[in-house]
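We have chain A; now place chain B onto it with these hints.
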Amino acid sequence: MELERISVVLRPRAPREALDLGAALLRANAAAVWSAWFAFTLPVFVLCNALGLLLGLPWLGLVLVWWLKPLFDRVPLYVLSRAVFDRAPGWRETLRGQRQWSWRSTLAGLSWLRIDSSRALRLPLELLEGAPRQQRAARWKVLRRRITGETSLLTYGCLQFELVLFLSFWLFALLLIPHEWRPESLASFFRDDVHVAATPWILAGATVAYLAMSAIEPLYVACGFALYLNRRTQLEAWDIDLAFRRLRARLQGLGKLLGVLLLCASALPLSVRAATASVDVPKPVASNLDQVFGPPAGADRFAAAAAEVYRDPRFGGERTVRRWSFKYASEPAARAQPLAFPLLARVLAAVFKGLLWLGLIGAVGALAWFAWRWRGRRVPAADETAPAPLHGLASVEAPSPLPADLAAATRALWQGQRRREALALLYRGSVERTAQLLQLPPAVGATEADWLRQAAAIADTERAQRVVAIVRAWQFAAYAGRYPDDAAIERLLNGWPAQAGASA
Amino acid sequence: MLDTVREIETPEGVSLRLRAAGALPRAQAWMVDLLLRLVVLFVAMIPLALFGKGGNGLAMLLMFALLWAYSVVCEVWLDGQTLGKRALGLRVVKADGTPVTWLPSVVRNLLRAVDALPGVYGVGLASTLIDPHARRLGDIVAGTMVIHAQELPAGQQVPVLPALPLPHVLAADEQAALVEYAERAGQLTVQRQEELANLLTPLTGQRDTAAIRQLVAHANWLLGRA
Numbered sequence: 001m002e003l004e005r006i007s008v009v010l011r012p013r014a015p016r017e018a019l020d021l022g023a024a025l026l027r028a029n030a031a032a033v034w035s036a037w038f039a040f041t042l043p044v045f046v047l048c049n050a051l052g053l054l055l056g057l058p059w060l061g062l063v064l065v066w067w068l069k070p071l072f073d074r075v076p077l078y079v080l081s082r083a084v085f086d087r088a089p090g091w092r093e094t095l096r097g098q099r100q101w102s103w104r105s106t107l108a109g110l111s112w113l114r115i116d117s118s119r120a121l122r123l124p125l126e127l128l129e130g131a132p133r134q135q136r137a138a139r140w141k142v143l144r145r146r147i148t149g150e151t152s153l154l155t156y157g158c159l160q161f162e163l164v165l166f167l168s169f170w171l172f173a174l175l176l177i178p179h180e181w182r183p184e185s186l187a188s189f190f191r192d193d194v195h196v197a198a199t200p201w202i203l204a205g206a207t208v209a210y211l212a213m214s215a216i217e218p219l220y221v222a223c224g225f226a227l228y229l230n231r232r233t234q235l236e237a238w239d240i241d242l243a244f245r246r247l248r249a250r251l252q253g254l255g256k257l258l259g260v261l262l263l264c265a266s267a268l269p270l271s272v273r274a275a276t277a278s279v280d281v282p283k284p285v286a287s288n289l290d291q292v293f294g295p296p297a298g299a300d301r302f303a304a305a306a307a308e309v310y311r312d313p314r315f316g317g318e319r320t321v322r323r324w325s326f327k328y329a330s331e332p333a334a335r336a337q338p339l340a341f342p343l344l345a346r347v348l349a350a351v352f353k354g355l356l357w358l359g360l361i362g363a364v365g366a367l368a369w370f371a372w373r374w375r376g377r378r379v380p381a382a383d384e385t386a387p388a389p390l391h392g393l394a395s396v397e398a399p400s401p402l403p404a405d406l407a408a409a410t411r412a413l414w415q416g417q418r419r420r421e422a423l424a425l426l427y428r429g430s431v432e433r434t435a436q437l438l439q440l441p442p443a444v445g446a447t448e449a450d451w452l453r454q455a456a457a458i459a460d461t462e463r464a465q466r467v468v469a470i471v472r473a474w475q476f477a478a479y480a481g482r483y484p485d486d487a488a489i490e491r492l493l494n495g496w497p498a499q500a501g502a503s504a
Numbered sequence: 001m002l003d004t005v006r007e008i009e010t011p012e013g014v015s016l017r018l019r020a021a022g023a024l025p026r027a028q029a030w031m032v033d034l035l036l037r038l039v040v041l042f043v044a045m046i047p048l049a050l051f052g053k054g055g056n057g058l059a060m061l062l063m064f065a066l067l068w069a070y071s072v073v074c075e076v077w078l079d080g081q082t083l084g085k086r087a088l089g090l091r092v093v094k095a096d097g098t099p100v101t102w103l104p105s106v107v108r109n110l111l112r113a114v115d116a117l118p119g120v121y122g123v124g125l126a127s128t129l130i131d132p133h134a135r136r137l138g139d140i141v142a143g144t145m146v147i148h149a150q151e152l153p154a155g156q157q158v159p160v161l162p163a164l165p166l167p168h169v170l171a172a173d174e175q176a177a178l179v180e181y182a183e184r185a186g187q188l189t190v191q192r193q194e195e196l197a198n199l200l201t202p203l204t205g206q207r208d209t210a211a212i213r214q215l216v217a218h219a220n221w222l223l224g225r226a
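Chains A and B supply the protein sequences, listed in that same order. FYI, full-length UniProt numbering numbers position 61 of the first sequence as 61, with every residue one higher than the one before it. FYI, full-length UniProt numbering numbers position 51 of the second sequence as 51, with every residue one higher than the one before it.
Next up, chain A with everything else stripped away, as it sits in the complex (with noise of 0.2 Å):
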């Protein structure tokens, strides 16, 4: 067996845990499990059936399909262990494959150990290790242990599942027939229908049960075949064996490169001293806390921010809690005095009662309150006057054309205290010069950010700057409410974008 093509993840899993990989590895190999699967079984199952007919005894089929599952077994083991640690086969070779492994089991299986609640582990022990009958059993008795529980769960729960199965088909049909067709009762199905066609129903449910069968027969051995690998991870460490493995060839394969470069060092000392001279000298690196982050703030800055956090309300203070509780706290216990069963009846009836009227009134009052709360709101009065301008944000109006002279324009609306609506004025202007200069197309939801992107692909570096000056002097004052003083605006007046004859 190569370890090292083995293709699930192997580390120690609780037993449960490996029955679910067991799910997952059927789910990865499910087309080549069942084409297998049907491959061997199918004709099994109609040759079984044919045999029961022939002897006049239609329930003999199922009984001997359910017999020889042992026998299936086989085949999605196969290609599981196959596909573990190598590649999943075709059913082709997984039918030839059979001839491989012992018969000997099997019969063990179909007759003495055909009712073994850990047939799903038993398997891979026999067909895959095939050791001799002495150390099979000492190897059966180490590898059972602890996991004796999930074992048995593994067969009553996939025997459920075959239940489940079985039973959902007929619900579902049942479900689906119509109304009229549905027999008056299930003894009337029986005695009417079944009874009369006995030999069909039976080769109906005989076929039902060999489905249910097939779906989930190949999760059991699959989970059983998990469950053995699990085991065996834990009893010999397979996943440490992996990773030591990989190390191994890593450190065998750094040895041969350090042979190689010792070789190559011996054989040209003076390019291998050339190198190292050349080797940068590191950049010094921040050594303390206070060359990262910059000195601490003092004691008494930090007492003052703590106080102001803690005059927040939301920390600390005092808070006044309404709440309802008993008046009479002495009344429950007087009720709870032993009455005669219908008196405590009456008594329930009676709390009942009152429970219900305080939902109705609580329900009331409820509806009472969401129709204050939102009166009047549904319908806006026509002469509402506009709410009160928010500070800053007054009108954002919508874009009129540019004035000629952007600079006069924008001197005007600063120099009459308008100093918002003079900033975005300028804004505008100067990205709309700078998108001419660059003969971008419009675009609307261009951002600031965006705009100073598109600054630094103006060739003058002077015009760019000052785009970059003017988005930066409308952001202060849009997001920050920080206005620039009047010398600063002569600045951003001057020259290019504002004045759009001027050379630079």
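It should be emphasised that the hints constitute simulated quantities derived from the structure, not laboratory data. Beta carbons are placed, not taken as given, at the ideal position from N, Cα and C, and that holds for glycine. Fair warning: there could be bad hints in the mix.
Covered by chain A, according to a simulated footprint, are these stretches of chain B (three or more residues, beta-carbon under 8 Å) [as the list claims (entries may be wrong)]:
{"no.": "1", "stretch": "14 to 25"}
{"no.": "2", "stretch": "74 to 84"}
{"no.": "3", "stretch": "112 to 124"}
{"no.": "4", "stretch": "128 to 141"}
{"no.": "5", "stretch": "186 to 197"}
Chain A residues, not near chain B, derived (Cβ > 12 Å throughout) [stated by the list, open to error]:
{"no.": "6", "residue": "D20"}
{"no.": "7", "residue": "L68"}
{"no.": "8", "residue": "V194"}
{"no.": "9", "residue": "E308"}
{"no.": "10", "residue": "G359"}
{"no.": "11", "residue": "G362"}
{"no.": "12", "residue": "Q475"}
For chain B alone, coordinates are given in the frame of chain A:
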């Protein structure tokens, strides 16, 4: 490589591993829950039977609560575990690994009505068998999954030996394998311990017992012991 783990990487670069629980343990957890609820219902019905029609109504209310509210209440207030799930070591979480909240829990439990079709959980079974994370339809819609909550009991303590620095720099997973070896060596046979230790002769330069001792000493060094 095949595994049942759903890996989630947080923005901080921490990788969370959710070990999805499959149909078999989940079905058993459901059976435990069913039995528990039936017992509660029957025990409650004995005194309620004395109240005639009113008692009957109360029993109906109880049944309704056990059928619809039990799972939601348990999942939200008992860490995503109904009692059956707790018995089997399972837990419901949201698909991103966070604890399950009211809305997903209510959705996944309401959709039991679909998963339970046609009365014996046939749809849910098919869904759990097909889905790679073994979710039933309710889980898929609610964005939840059922995971194994129990950790494996850790191996034994690494035996204390004088620490020995490693001659080479090892990657994180290689260091983990060394420590794991030292923890689990006690569960292996001596022959197997030597076989594994001999694999690392390029690292230790030793064989057999000396190699085992040296690996354990390296593990001591990796664990930061003196």
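Taking the hints in turn, this is what the structure says about them:
1. 14 to 25: n = 7 at 8 Å, threshold three: holds.
2. 74 to 84: violated (count 0)
3. 112 to 124: Holds: 7 residues of the stretch 112 to 124 of chain B have a Cβ under 8 Å from chain A.
4. 128 to 141: Satisfied; 4 residues make the cut.
5. 186 to 197: holds (count 4)
6. D20: violated (3 Å)
7. L68: Check passes; 23 Å lies beyond 12 Å.
8. V194: holds (20 Å)
9. E308: E308/A clear of chain B: closest Cβ-Cβ about 31 Å, beyond 12 Å.
10. G359: holds (15 Å)
11. G362: Holds, because the least Cβ-Cβ distance between G362/A and chain B comes to about 20 Å, which exceeds 12 Å.
12. Q475: The claim stands: Q475/A keeps its Cβ more than 12 Å from every Cβ of chain B (closest is about 28 Å).
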